[in-house]
Structures are given as C-alpha cells and as structure tokens.
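Residue numbers (the numbering used here), protein chains in the order written: chain Y, 3 to 300; chain X, 3 to 300; chain G, 3 to 300; chain W, 3 to 300; chain R, 3 to 300.
To be clear, the hints were calculated from the coordinates, so they are not data collected in a lab. Don't take every hint at face value.
Unchecked claim - Covered stretches of chain W, as calculated for chain G (at least 3 residues, CB under 8 angstroms):
(1) 86-93
(2) 229-240
Claimed, not checked - Listing some non-contacts, in silico: residues in chain Y with all C-beta distances to chain X over 10 angstroms:
(3) E17
(4) A24
(5) V37
(6) G38
(7) L49
(8) V99
(9) P105
(10) P132
(11) T186
Even glycine gets a Cβ: it sits at the ideal position worked out from N, Cα and C.
Residue strings, one per chain:
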Amino acid sequence: MVVVDRFRITDTLREVWRPLAALFLLDSLVTIAYVGLGWTWIVPAGLPLPLLGTGLAVFLGVRNNTAYARWWEARTLWGAVLNNSRSYARTLTVLMVPAEAAPLRHTLVHHQIAWAHALRCFMRREDPAPDIAPFLPPDTLARVAKAANPPFAIQREMAELLVAARRDGWLDGIEAAALNTTLTALTDSQGGLERIRNTPMPQQYAAFSRVFVTAYCLMLPFGIVPDLNVLTPLGSAVIGFVFLALDQSGRHLEDPFMRSIYDVPMSAITRTVEIDLRQAVGDAEVPPPLHPVRGILR
Amino acid sequence: MVVVDRFRITDTLREVWRPLAALFLLDSLVTIAYVGLGWTWIVPAGLPLPLLGTGLAVFLGVRNNTAYARWWEARTLWGAVLNNSRSYARTLTVLMVPAEAAPLRHTLVHHQIAWAHALRCFMRREDPAPDIAPFLPPDTLARVAKAANPPFAIQREMAELLVAARRDGWLDGIEAAALNTTLTALTDSQGGLERIRNTPMPQQYAAFSRVFVTAYCLMLPFGIVPDLNVLTPLGSAVIGFVFLALDQSGRHLEDPFMRSIYDVPMSAITRTVEIDLRQAVGDAEVPPPLHPVRGILR
Amino acid sequence: MVVVDRFRITDTLREVWRPLAALFLLDSLVTIAYVGLGWTWIVPAGLPLPLLGTGLAVFLGVRNNTAYARWWEARTLWGAVLNNSRSYARTLTVLMVPAEAAPLRHTLVHHQIAWAHALRCFMRREDPAPDIAPFLPPDTLARVAKAANPPFAIQREMAELLVAARRDGWLDGIEAAALNTTLTALTDSQGGLERIRNTPMPQQYAAFSRVFVTAYCLMLPFGIVPDLNVLTPLGSAVIGFVFLALDQSGRHLEDPFMRSIYDVPMSAITRTVEIDLRQAVGDAEVPPPLHPVRGILR
Amino acid sequence: MVVVDRFRITDTLREVWRPLAALFLLDSLVTIAYVGLGWTWIVPAGLPLPLLGTGLAVFLGVRNNTAYARWWEARTLWGAVLNNSRSYARTLTVLMVPAEAAPLRHTLVHHQIAWAHALRCFMRREDPAPDIAPFLPPDTLARVAKAANPPFAIQREMAELLVAARRDGWLDGIEAAALNTTLTALTDSQGGLERIRNTPMPQQYAAFSRVFVTAYCLMLPFGIVPDLNVLTPLGSAVIGFVFLALDQSGRHLEDPFMRSIYDVPMSAITRTVEIDLRQAVGDAEVPPPLHPVRGILR
Amino acid sequence: MVVVDRFRITDTLREVWRPLAALFLLDSLVTIAYVGLGWTWIVPAGLPLPLLGTGLAVFLGVRNNTAYARWWEARTLWGAVLNNSRSYARTLTVLMVPAEAAPLRHTLVHHQIAWAHALRCFMRREDPAPDIAPFLPPDTLARVAKAANPPFAIQREMAELLVAARRDGWLDGIEAAALNTTLTALTDSQGGLERIRNTPMPQQYAAFSRVFVTAYCLMLPFGIVPDLNVLTPLGSAVIGFVFLALDQSGRHLEDPFMRSIYDVPMSAITRTVEIDLRQAVGDAEVPPPLHPVRGILR
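Generate the whole structure from the sequences, applying the supplied hints.
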C-alpha cells in the first residue's frame, strides 16, 4: 500500500505510460495526416464522443465505486483480524484465570499469532509453514500443514485446547461460551476475506471498462483534431489520461490481495498482531514493526 | 461464476451478439439508404439523443448500482452460511464436552452439512433428497423430504437433538443458549437468501432499462449517419455496445441464483462446507473441492 | 409485489398512460401548429432543455436511490420478522425443555403468529381482530384489541407468560435472558417498520420531482419540434416516457406499505410465518402458502 | 415533519419565494434591457453554463445524498430510542420477577420515560425539568437537573437502582448483565444523536452549494435571453427553481433537530415512548398521541 | 472542526485564494493577449472542455463521496469511543457491586479516561504521558509509557485489574464476560481509528483529482475567451472555483486526524469522556467542556 504523504505522480505515470504513449503516437499520426498531409477525409464530419462519454461515465462510476467498496471492505476485515486477535488475547486473560493455566494461555495466544500468519499466506496462496512454525508445537504444525485450509485447522486446534481446559476445570461453560464468541468473530473475518478473494469483480465491469476506455481513446484524436489542430496530441493525451487513470484506479482496488503497490498491507498487519500479542503474554524478544520501503507498505 | 483471470471478451460477445447484430443490420440499412440511395429524408434535422441519454444514464446508474448490491448481498449471505457452519461445528466441540456426546456431535455436524445442501437446492428449486440422504438418518430424511421448507425442517430436527442432549445432561442452559445463538445466525442467513430469491428487482427498472436502451439504439443510426456517413455502422455499434453491455451487466447480477455464468457459486460453497465440517469431525473420506470448468465455478 | 418472470410492459403503461396521453396530445397540437399551420413563432429560438435536464438528473438520481433504499429496508425488516419468528420458535424448543411446558410453548408460538398478523394489520391500519382471534385466548384477545399498538400489546402478553414460566421453574435467568434477546430482535423489526411507515419520504423530493418532470415534459415538444417536425409526437413521447417512468418508479418504491402492486408482500410473508410456526409446534391443519394472483403477490 | 399525504407546493414556494422573486426580477430586468432597449452588449457571445452545471451537479449530488443520509440516520436513531425503551420495559418484566420488586420496576420504567424526554430537550438545548418532573422522585430530579448531560445522569440513577436491586437479591449477575446490555443500546442511541447534533455537515458543502447555485442563477438570464427572448423570465425561473429547490432540500435535511417543518418529530416519538411505557406498567391515565397540526408533526 | 452556524466564506477563500489568484492571473493574461493584442491564434478552434468535464465529474464524484464516508466513519468511531466509555463506567457500577470494590471501580474508570486520552495522542502521534499521568498509578504509567501502543497497553492493565477482582471474588465469570464485551467494543473502536489513520485514501484519487482539476483550470480561459471576451477572468474564476472547491472539500475530509480546521474534534470528545466519567465516579473537580475558539472546535 502506498503510504507516502507526497505522492510521486511519476509512480502512476510509470503504470499508465504504455497506453498513454500508444495514445500519443496515434494522436501524432492522426495530426500529421490531417494537418501535415491534409488528409481531411480521415475525419468524419462529427464524432459522437459525448454520447459515448455519457455511457462510459455511468460504467466507470458504478465500477469505481464498487471497486473502492471492495478494497475498503477487505481493509476493514483485516482491521477486524487485528482487533479480534487483541480481544481474544485479552479475553483469555480475563476469563481463564487460574494461575496454573498460564502456560496454556501462552500456547493459545501463540496459536492465534500463527492463525494470523496462516491467514495471510492463505490469502496470497503461499505455504504458511515457515511463518507459523515458531508458534506451534511440532505435531500441531504437522496436522495444520496438511489441511486444505490451514487457518481453519488452527482454529480447530484451539477448540481442542479449550475443551481440554474445560475438562481441567480451568473454564466453565460461561467462560467457554464467551471465548467461543471471540473465535466466531475471527471465523467471520476469515470467511469475509475468503469471500473477497474467491469472488472476483463481475468480469463484465472489469473487462468492458477497459474495452470502452480503449475505444474512446481511439476515437478521441479523430474527434478533436479539426478543432485542436497541432495541439491534438496534447489535448487528447490529457483527456485520455483522465479516462485511463479512472480505469486504472478501479482496476487496482478491485483485487486487494494481488501484491500490487495498492493492496492491503497484510504483512504489516500480521506483524502488528504478532507484536501486540507477544507483548501481551510477556514474550522476551518481539520483532520490530514493518516500515514502508520507498513509500510502500506491504 | 466467472473466475478466470483472463476474461475472454468473446464470452460476453456471445451473449450480446444477437442485439448487436440486429443493431448492426439496422445501422447498415440506414447507411445504405442515406448514403447509397440518398434518401436523406429518412433522417430528421436533429435527434434529441443527448436528452434521452441523460435520462437513460440516471436509469442505468440506479439500476446497475442496486443490481450489484443485490448480487454482493447474496454472495455475502452465502459467505455467512459457510462462516456460521464452521462456527457451529467449532461451538459444538467447545460447548458439548462430555466424551460420550461424541456420536451426537457427529450427527449434529452431519445435519449441518445436510442443511447447507438443502438450502442450495431450495434456492434452485431442486429436490434436496439425493444430496442430503448421506447425512441424515432415514426417518429424519423422510420427515425433511416432505416439509415445505427442508432446511428449516432440518433446523427443527437439530433443535430436537439439542433438547435430548439437555435432558441427558450433556448441555446446560448456558451452553444451549450459546449454541442456539449460532443457529439463529444460520436462520438469518437462510432468511436473507429467501428474501433475495423471492423479491425480484422492481420490474420497472428491469423492464424499462431494456426498453429504453432498445429505443436509444434504434434512434442511434438516424442520429449519427449525417455525420459519420459510411462509418455509421461502426460508430453506432460501439455506442450501442456500451449501453447494451450496461443493461446486460445489470441484468446478470440482478438474479444471483439463476444458474447463469454470473451467479453465486453455490455448489462450490456448499462443497466447502461439506469438506470443512467432515474434516472437523474426522470423517475418513472427504470429497475434493469443486474447480472451475472452463473458467466457470458453479 | 410483481413477481412474474415475464413482465408485461402493458402493466406499467396502464399506470402512466394518462400523463403519456396528455403529453402526446400536447405534442400533436404543437406539431400541427408549427408544421401544419406554420406558426413558427410559438417556438423560441432555443430552449435550455439540457440545463434543465442536468438539474433534473441530480434530483431523480438522489430520489430514486433513496426510494429504492427505503423499499429494500422495508423488505429486509419484513424478512427479519420471518427470521426472528422462526428463531423464536426454535429458541423456545431449545431453552424451555420441561415436558410439562409443552402447552405453554404451544401457546407462546401461537402468540407469535398473532403478533405477525397484528403487525401486518397495524402497518396497513386495519383491524387485526379477525386475523389474530384464532391464535389468542379470548381474554388476551380482548386486552390486545383495545391497545393502541396491538403487536406491542401481544409482546407484553408474551412477557407475562414468560414470567409465569420462570415462577413455575420452567425457565431460569439465563434461558429467560436468551428468549428476551429474541423478543428484542422482534421489537426492533417492528420499530423499524413503524419508522418507515410513519416517516414519509421528504416531501420536497416527492413533490418536486413530479413538478419538474412535468415542466420538462411541457417544454419538450417546443424544444424538439424544429428538428423533428412531424416525428415530434413520437420523439417527445419516448423521452417523456423515460422521465415519467423514472418519476413513477421512485414513487412506487417510496411507500412500501400502500397496497400498490409494488408493495412488500406482507400477506404472503405473514402466511409463511403462520405455516412455519404451526408446523414447528405440530398443528394438524396448516394453511397453504399464498400464491401470486395474475403475477402479483400480496 | 411534514406528514400530509397531499403536499401543498405552496408550502415550499413560501420558503423559496424570496430567492425566486429576486431571480425573476433580475430576469425581467435583463429581458427588458436586451429585448426592450436593445442593449445586446450586456450579453456575452456565449456563457459556459453547461461547464458550470457539470461541476454543480457533482456538488449537489454529493451534498444531497449525504444530507439525506444524515437525516435518515437521525430518524433511525430516534426509532432506536423507541425500540430500546420498549425492550427495556419488557426486559425488566421478564428478568426482575420477584413480586415485591413491582414498585421498583415501576420506578425504573418511569426513569426511562424521563430519559426519553430529557434526551429530546437535550437535543433541542431546552431545560428538561418541566418535562421530566412527573417521572422522577424530587431528589433524583434535583441531581439530574444540575448535571451537564441530564439523560446520562438519569442512566446513572438507573444503574444505582439496579445495584440496589442486586443487593436486595432481586437480580442476579446474569439478569443484571442482560439489563445492562439494554442500557448500552440506549447509550449508543443517545451518543449517535449527540454526534449528529454536534457535528454539522462539513461547512464547505453547505456554504459552497448555496454560493454556486446563486452564481448559476445570476448567470442564467444572460445565458438564455438571446434564445428565449421575452420568455426568459419564465424559463430562467423554472431552471433556477430546480437548482434552488435542490439546494433547499439538502439544507433542510442537513440539520435534523432544528425545529424546521422537516425535522425529526421528536415530540411525537417521545410521547409514544411515554404512552407505551405507561401502558406497560399499568398507569391509569395515559396521554393521547400527538397528531399533526396542519400537516406538520413535531 | 468548524462549528459556527454562520460560515464565513472568507475562511475557505483563505484556503483556495492561492490557486484562484493564479487562475485569475492566467485568465487575465489570456484575455489581454486575445482581446487586447488580438493574438487570436493562441486559442484553438474548439477546446474539448465538456469531454474533460465528464471524466472529471466521475472522478470527483467517486472521490468526494468516499472522502465524506471516511470522515463520517472516523467521527462515528470517536462517537463510539464516547458511548462505550460511558457504558463501561455504567457496566462497572451494575456488575461489580461489592461495597469494598469501590476503590477498584474508581481506578478502573480512571484507567478508562487515560485510555481515551492515550488514544487521542496515539492518533495524533503525540506523547500521551502528560495527558494520562493524572489518571494512572506511577508504575502503571511507566509500563504504558514504553509500550508501542499505549492505549492497548492500558487495556491490558485493565484486564489485569479485572483478573485480580475475580480472584478477590468481586466478579464472577458472567460479570467478567459482560465487562469483557464492553472492552471488546472499545478495542474495536480503537482498531477502526488505527485503520483509518494508517490507510490513506488511495493515492491515485487524491493525486489525480488535483492534477486533473489543475489541467482543467489551465484550459478553461482558452476555451471561453472567444465567447466571454473581457468577462473571461470572471467566468473562468467562477467555474474554476467550483472545481477547486470540490477538490479541496474532498481533500479536507480525506484525512480526519490531520489537525486541520475540518478534522474530528478529538480534544473535545476526550474531554467529554473525562467529564462524564469523573462525574460518574463522583470526582470533586471536573474540568469544563472545551468550547469552539473562533468557530473551530479542536
């Protein structure tokens, strides 16, 4: 995620320069043909750009609004992962009080750290084993590693530990129910993130907005060259840039887990989970928070 | 649901080619008449296309936004079906702890798998019996099969089993109340899905947007032929395509359960419920997840 | 509510034919005067229709979006009535377990059916007595019938029955609290529906959108007759239809309880509540679900 | 709040007649100068009204959507005050069951009525003492009257009464926790209302939309007089009315507690709270509901 | 936050006068060149301002709507901080009833005040020590001061105090679970605020809207000078002002914690928390509420 305060416009130019350059080339060719060579016949008497623009505006309006909503929902769900992880650790403290339960509390909190890391890897379709190994006993790790859904498997392991705690008399029904409520909130966050990852933006919006923006840009120089003359490449580039940027902005937010510079900073969030929870159980060494690298936080 | 990364524009063209071809034919006839035969009288001095376009833009904006919201709400409710099924299985583990309750826990989790399959069939107005038979005892299946609302009947069966568990002392009031909360969440998901299925998009939006887009497309060639001349079929097709695609996009999202290539992948989601819950109770054979077939996940 | 799959455009035409016919008449008069009689002076040199159209688009956009949101919120709240009624019946089963409490459970579920019917009548400002009489003891019915807010009175009766159950030892504090949570959800649904019924759409949106659409339609033929000539009545009717339909669509959704063909199908929903809850307590005769009559579900 | 079914357009005209009359005067002067005196030099060759209109449309769209959302949120929160007051009274019945607790239940419900009245006065910055005196013991009233936040003070008094009830053994921990949950919902409603009252709409939207609409109206007659000639005052008034009405509509909804004819009917809602709660505890005399006076419900 | 009723337009002019003045200067130069010197060649035959305006309208519409939503979400979360702080204090009263627990209740409420102040400082990246010192014991303060996330550390301290209370028998499992629920709500508010602070608005919206508005303003005088002549600077300034104000309005709401005159009044809200909670525990001296200074509440 871009977090720098001063946004360098060059960053985005780097992403749209290719279509912009192609557009500029086309504009120049059209201008040379029309103005230089006098091939006025290449331009129809009038191009219905405003008619096309109206349809395009509706398309891009709907698409960019929904893309933003997807991105913000993904960010909010990751925020819920952090909030609920903190609440889970605190709830364990408040509700599992026997002094002899301290090692179990420590184990459960480490399971929770592992859950957050496993969820991040699951979202990015990566192998979670290296990231979660430090937080799970070897046999647990082995079971989790071969599960189809590692974070869900970790939650099942936590449930087993809670059952053992109940049998040891460290939790009564009320306390177990309250802890279970926290686990349900975590399950909901995970499910919400899976939903966004597994459900791409309806393809017609994604595909068509690119197609229509391209069509619009192709028609643009023909429509404005009679009026703008030699300024056509400049004018066409400015207008084309607005529509290309609109399309690009929607595209970037549409898939919040694709490791682009605009995605949700999952590594940083799970690191915060690790720091907060390790501090909460008094671990000695705690890793530092992640910092943006060249304005980008991952 | 289309899940391929590379969307083949041909897929959508296949769906709109009919109106597009009709539009192209009309455009060509108009062009031939106007340019070829010189029947300039077929074209009025000025067509108020922008006036019509403004009204159409409002119409399509409202409609496509609400259609997307419906589709996303349906997808979110199916996500809740998955989340709550997982939470229900975990809650059973954490709250129904006696060792001798293990068979009952297994039965209850299988009821839950049956509930998810029954809900999918209920949404698609299909007979659930084949899909739920493996998970229910024969007499339960018989009772469920003749209920008007099979998933609701399965929930009633689960409630009876919980009552029996309470009488056996395997659950106290608190634990039963907590389990009941999970069942309430499942009831809410089911009710939400029934609401979307039973309440079509207000017909005036659905019907009128098609009517108005058609009217617009019919007027289009007459409006642009004086300026575009022989390019009319091309220009008209591009603009017509934008509006047809807008209408089509809204139409596809409007009814998320109609087995189109854009609907919610209910089979895949209920398969995930089955996999996760069977793994949770340690079933030996677990079916594989569903995979997209030619880019489409059902 | 219109539920037919094939929407007959004639249904809506029947509703807007009056203003459309008036518009067509005006258009024809203007056309005859301008084209036939040559009274070109009736048309100003240029009518600022686009300027008016822009303002109108903002107006209709805001209004139709909010009207749809109201309608969908009302539909969702009625969905919650159904969900919460089901959950309440199930909760009674799970939490009020003594065998000797069976008659009371039956009575409470019948109260809940009465509540749903009373709420429907309350929304439509009808006398609930005939509909709720089969489900309530005579003295309860008498008390409810004279209450200002019958559904709220039924909830008070249920609360008294729950208190009696507690005194009989059939419910403990936890179980009563859990049942009370369900009743709170029902209270919230009722309150939300009262809110929508008692709070009309801000009148300026409702009144002005009609006024402005009318003004626009009146100006329309004068604005397009110089260009469209004898086609004016046709062109004006198409454009006028778009704006009249936009206004009409908003108007229909704005008040979801007014017994129009677009309102929420409250009779069908409360019938579903009755069926599901009677089946849940094992009543012998259960009424059939309501079916659409000529495509309309009430 | 305007609740009449037939909205008299004159009501709104009464509110915008001043700017409309000023606009009409300006229009007439411009028309006389241009048409009558032939001062054609007062009108530039072309006024960029569409450019201004586009910006204005975005402004008014954003502003009116957010103003409506504020108003509806305020109305929903007042609805929650009513719902939660009803639920609180019912919860007291269900959870504080000892027969000897009846007087305390009565007192607590009267406190709740006082809370609703105090909240209304707090929103309108009025002295609550006259309205809440009938429902509170004198010493409680004295303490509440000098609190900075009277409704919050009443909640504190209720908490003290609940503590006393716990010490008397009339409530156990579970019941107290459940009642406390209801009080939390009431606190949230109050906090939401304070938030809306204390946070005006961002002033740039409120101020600029007026400024820009005024600028637009001032330019309007100059822009249309060459085309409309003597019809300019009429045409300009119609278009100006649309934009003035848009601005006015947003302005009215923006501050839902300002005692305009569009505000939330707080007196009627708190009267309903009083009626429902007094009936719930069997008070003898219950005031009648408030009715609209000349179509306005306060 | 600006809270004055009468908004002085000069306040905002002060913020946009720089770009406006630059625009006015450019306009004047263009006017002098075109009208005074007759350099008509500087103006192309037609500038595609409406095409650019359409794209810009979509951009600014999406951006301003989302910026407002961010700002209102931030405000709502701060409202939740206030609500939940009040509920937490009341919950402590109702659920931790032993008379000998009074000092602990007092300490816990003071911790809560410290939490609110620490959260405000954390949002503004300031050192919380001076603000929270009066409310925490010295050793607690020392531990909190060196935590990476001071408000989270204060919550951990509260959890430890609750554990001690449980061991003293002042709280049972139910009461602890209910208090823990309140703490979870506070954790969620904090997490939501961190989310907004740490996730800037997608930079492409922020950066591009400024770039495009600037481009539009630069083209404006060239586009309108042929029609407006000597009135160009005036007309261009009015239109430019609309777009600059739109951009500026979005920019101000985008980052609600940046200590601009439009940010959320965090100092006032945390002061209210302090006042309400100190009154709730009967503290002798309570600070006065913060008042707006020159119309601005911080």
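Each hint, compared with the structure:
Judged by the Cβ-Cβ criterion of 8 angstroms, the region 86-93 of chain W is covered by chain G as claimed, because 4 of its residues qualify and three suffice. Coverage of a stretch by a chain is defined here by at least three residues with a beta carbon nearer than 8 angstroms to that chain's beta carbons; for the region 229-240 of chain W and chain G the count is 6, and the condition holds. Once the 10 angstroms rule is applied to beta carbons, E17(Y) is consistent with being away from chain X; the minimum gap is 18 angstroms. A cut-off of 10 angstroms between C-beta atoms confirms that A24(Y) is not in contact with chain X; the least separation is 18 angstroms.
With a minimum CB-CB distance of about 21 angstroms to chain X, V37(Y) clears the 10 angstroms threshold, and the non-interface call stands. No Cβ of chain X approaches the Cβ of G38(Y) within 10 angstroms, the least distance being about 22 angstroms, so the stated non-interface status holds. Annotated as non-interface, L49(Y) brings its C-beta within 10 angstroms of a C-beta of chain X; the closest such distance is 7 angstroms. Listed as a non-interface residue, V99(Y) keeps its Cβ farther than 10 angstroms from every Cβ of chain X; the least gap is roughly 18 angstroms.
Taking the minimum C-beta to C-beta distance to chain X, about 20 angstroms, the non-interface status of P105(Y) holds against the 10 angstroms cut. Here P132(Y) stays apart from chain X, with its beta-carbon at least about 23 angstroms from theirs, past the 10 angstroms limit. Not every CB of chain X lies more than 10 angstroms from the CB of T186(Y), the least distance being 4 angstroms, so the non-interface label is violated.
In this structure, the hints that do not hold are numbers 7 and 11, in rising order.
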